[in-house]
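Between the sequences and the hints, there should be enough to build the whole structure, so can you do that?
Protein chains: 2
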Amino acid sequence: MKHMLLAAAALSLAVPALAQDAAPAPSPGEIAAAAPASDWIAIAPSELLVMDLAPDAKGQARRIVIQLMPAPFSQGWIGNIRKLAAAHWWDGTSVNRVQDNYVAQWGDATEKKALPAGLATMPESEYVTPTRGTGGTNTSVTQDGRPLAMSWSGKSPGWSWIDADDAYSTKRSFFRGWAFVSVDGKIGWPVHCYGAVGVGRNMSPDTGSGAELYAVIGHAPRHLDRNIALVGRVISGIEYLSSLPRGTEALGFYKTEAERMPITSIRIADELAAADQPKFEYLSTDSDSFARYADARANRRDPFFITPAGGADICNIPVPVRQVAAK
Amino acid sequence: MKHMLLAAAALSLAVPALAQDAAPAPSPGEIAAAAPASDWIAIAPSELLVMDLAPDAKGQARRIVIQLMPAPFSQGWIGNIRKLAAAHWWDGTSVNRVQDNYVAQWGDATEKKALPAGLATMPESEYVTPTRGTGGTNTSVTQDGRPLAMSWSGKSPGWSWIDADDAYSTKRSFFRGWAFVSVDGKIGWPVHCYGAVGVGRNMSPDTGSGAELYAVIGHAPRHLDRNIALVGRVISGIEYLSSLPRGTEALGFYKTEAERMPITSIRIADELAAADQPKFEYLSTDSDSFARYADARANRRDPFFITPAGGADICNIPVPVRQVAAK
Chain A
857 MKHMLLAAAA LSLAVPALAQ DAAPAPSPGE IAAAAPASDW IAIAPSELLV MDLAPDAKGQ
917 ARRIVIQLMP APFSQGWIGN IRKLAAAHWW DGTSVNRVQD NYVAQWGDAT EKKALPAGLA
977 TMPESEYVTP TRGTGGTNTS VTQDGRPLAM SWSGKSPGWS WIDADDAYST KRSFFRGWAF
1037 VSVDGKIGWP VHCYGAVGVG RNMSPDTGSG AELYAVIGHA PRHLDRNIAL VGRVISGIEY
1097 LSSLPRGTEA LGFYKTEAER MPITSIRIAD ELAAADQPKF EYLSTDSDSF ARYADARANR
1157 RDPFFITPAG GADICNIPVP VRQVAAK
Chain B
857 MKHMLLAAAA LSLAVPALAQ DAAPAPSPGE IAAAAPASDW IAIAPSELLV MDLAPDAKGQ
917 ARRIVIQLMP APFSQGWIGN IRKLAAAHWW DGTSVNRVQD NYVAQWGDAT EKKALPAGLA
977 TMPESEYVTP TRGTGGTNTS VTQDGRPLAM SWSGKSPGWS WIDADDAYST KRSFFRGWAF
1037 VSVDGKIGWP VHCYGAVGVG RNMSPDTGSG AELYAVIGHA PRHLDRNIAL VGRVISGIEY
1097 LSSLPRGTEA LGFYKTEAER MPITSIRIAD ELAAADQPKF EYLSTDSDSF ARYADARANR
1157 RDPFFITPAG GADICNIPVP VRQVAAK
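Taken in order, these protein sequences are the chains called A and B.
Here the first sequence is numbered in my numbering, starting from 857 and rising by one per residue.
Here the second sequence is numbered in my numbering, starting from 857 and rising by one per residue.
There's no promise every hint is true.
Said to hold, decoys possible - Short, incomplete list of chain B residues facing chain A, as computed with Cβ under 7 Å:
{"id": "1", "residue": "914"}
{"id": "2", "residue": "956"}
{"id": "3", "residue": "957"}
{"id": "4", "residue": "1022"}
{"id": "5", "residue": "1024"}
{"id": "6", "residue": "1060"}
{"id": "7", "residue": "1074"}
{"id": "8", "residue": "1076"}
{"id": "9", "residue": "1079"}
{"id": "10", "residue": "1083"}
{"id": "11", "residue": "1104"}
{"id": "12", "residue": "1161"}
{"id": "13", "residue": "1162"}
{"id": "14", "residue": "1167"}
As the list claims (entries may be wrong) - Beyond 12 Å from chain A on every Cβ pair, some chain B residues (computed):
{"id": "15", "residue": "878"}
{"id": "16", "residue": "893"}
{"id": "17", "residue": "943"}
{"id": "18", "residue": "980"}
{"id": "19", "residue": "1023"}
{"id": "20", "residue": "1128"}
Just so you know, these hints were derived from the structure itself, not from any lab.
Ideal Cβ placement from N, Cα and C applies to all residues, glycine included.
Written out as structure tokens, the structure reads:
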């Protein structure tokens, strides 16, 4: 008996023994892996936030890489994050809260460390953004002939939406590798999916500076959409946050200093030595490869599955990201 | 500055200083906590699967409690699980696979341990169940006057559904404390939410015996619905699974024996000594309290939130469960 699989996505599939056998349908991951190099877009070091935790008990490095969102979303907070990283503000801070099926959160546990000068105070209106626009190229992502999502590759804000009701929104789109949703098509917002990175805040009208950040480590808490700023997503190393012990205080805060996970440094990648800069690329959401990948996420036809779902919520269509060797 | 909160659900709220101040709206958790005792239903020990992992480095016990599903769902597999537990079959086995944002899976890593006699082989048709029926009482769970879900309290299979499109299903209902969904209203199925426990299997037509189990530790993998048997949900101790180190082999399997987490025992709770039997109860999904809780999950009005979502996916309306002191 083989290991029970649950899903065969990561397995290489044997070539059929008989010529008349149809090849098994590829999994979403196999579709992405087979995409031509031209469908993959390099992520600039300036768009990567690199967070190094203290090494583990065996001395192994624990590096988390966060991709920051592109304009026009959340740029005020992201500007603050760039200033905080340039000031090496997070060095010596810690992960202070890990709440099961919710978030891991980091920053200054003392809450007394002075912030760098010149941070912007963002208004709540920046949780969303106008999405009407002109120009650009719309690419339809289809699912058995029905639209699944639209991707928009223009240079100014603007989307074509497809109708996709998921209890939190009625329209969705991809913009330069990021999922966004809307209700009315006039304003859109990014989505609290697994791995999303957001800005901790106090009660309204506070919107947070960006010094206190969290990553989603559970089922998408979509009720936070439009209530808090999202600034990026973890593209590598989420397991160093999601497998931390859960805090036992209210909201998952750690009770003692000893429980906190020290942060060695957080940098924008272009401040690192060239050899130490992580290199990642994402699958263009404008590509045919992405369209086929998204369709396969919604309709699993690879051999393990017997009943394709016929749809997928936006958080179950994660944009493929892969690490590439440094040059 | 207070700890950045992200969500204030667990905080006690101060009484307003001025009589004319409206009391802050309660959070979903506060609504559940305020429900009368008569709205809480005891879970019989015969419906609890108790899984003890090896103690942690400090000698602390690690107990996971799983509530098994009621009839008519998945009863063939659950019957097998009762036989496996009665035979103490899992004692000395281990958690062998932890895949980030997906599942933790346990069973016999050697895959050579003989199964007890008399286990049923279940057909794939049992992944779903007919849900037409008569009798029973339907309770409407409303959301700002709109239906959010129906709960059904009758004794034979039968549901009233509400229309709630979430990309995977178009109708949903609660049955004796469990969420179920449907597309056509004629067949329904349980849902792969965070904490759901299912039966690992090989390729179709295998459906698994129940000896290999998994728990969901990430965003709801709803594409597994109707493709694999669900048998219960973790109601306590999920953090002992979700915070385990992720496996580095394909599909998150651990590479070495040393990485596996030993299972000391798995028992149906009524086999334990009376004093060791965990006592839990769930909030009746037929109660007004649950209706208000579900409404508040979809429309957060507690002070942290500025824009209620206006809806909630079925996995973001977890049925409240609480531990009660042993008598």
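Comparing the hints with the structure gives:
Because the smallest distance between the Cβ of residue 914(B) and any Cβ of chain A comes to about 11 Å, over 7 Å, the interface hint for this residue is violated. The interface hint given for residue 956(B) is met, as the beta carbon of that residue sits about 5 Å from the closest beta carbon of chain A, less than 7 Å. Hint on residue 957(B) holds. Least Cβ distance to chain A is approximately 5 Å, under the 7 Å limit. Proximity of residue 1022(B) to chain A holds as hinted, the smallest CB-CB distance being about 5 Å (cut-off 7 Å).
Evaluation of the residue 1024(B) hint against chain A yields a held restraint, the C-beta minimum of about 5 Å falling below 7 Å. Taking 7 Å as the C-beta contact cut-off toward chain A, the hint placing residue 1060(B) at the interface holds, the least distance being around 5 Å. Because the beta carbon of residue 1074(B) sits about 6 Å from the nearest beta carbon in chain A, less than 7 Å, this interface hint is met. A hinted interface residue such as residue 1076(B) counts as satisfied when its beta carbon comes closer than 7 Å to some beta carbon of chain A; here the least separation is about 6 Å, so the hint holds.
A cut of 7 Å between beta carbons decides the hint on residue 1079(B): the least distance to chain A is about 5 Å, and the hint holds. Given the 7 Å rule on beta carbons, the hint for residue 1083(B) holds: about 5 Å separates it from the nearest Cβ of chain A. The beta carbon of residue 1104(B) is not positioned within 7 Å of any beta carbon in chain A (closest approach about 10 Å), and the interface hint is therefore violated. A cut of 7 Å between beta carbons decides the hint on residue 1161(B): the least distance to chain A is about 5 Å, and the hint holds.
Because the smallest distance between the Cβ of residue 1162(B) and any Cβ of chain A comes to about 5 Å, under 7 Å, the interface hint for this residue holds. Restraint check, residue 1167(B) versus chain A: the minimum CB separation of about 4 Å is within 7 Å; hint holds. No beta-carbon of chain A is positioned within 12 Å of the beta-carbon of residue 878(B); the least distance is around 16 Å. For residue 893(B), the non-interface assignment is confirmed: its Cβ lies about 24 Å from the closest Cβ of chain A, beyond the 12 Å cut-off.
Once the 12 Å rule is applied to beta carbons, residue 943(B) is consistent with being away from chain A; the minimum gap is 18 Å. Against the 12 Å criterion, residue 980(B) falls within the reach of chain A, whose nearest CB is about 6 Å from its own CB. With a least beta-carbon separation of about 4 Å from chain A, residue 1023(B) fails to lie farther than 12 Å from that chain, contradicting its non-interface assignment. Non-interface call for residue 1128(B) relative to chain A: holds, since the shortest CB-CB distance, roughly 25 Å, exceeds 12 Å.
The structure shown violates the earlier hints numbered 1, 11, 18 and 19.
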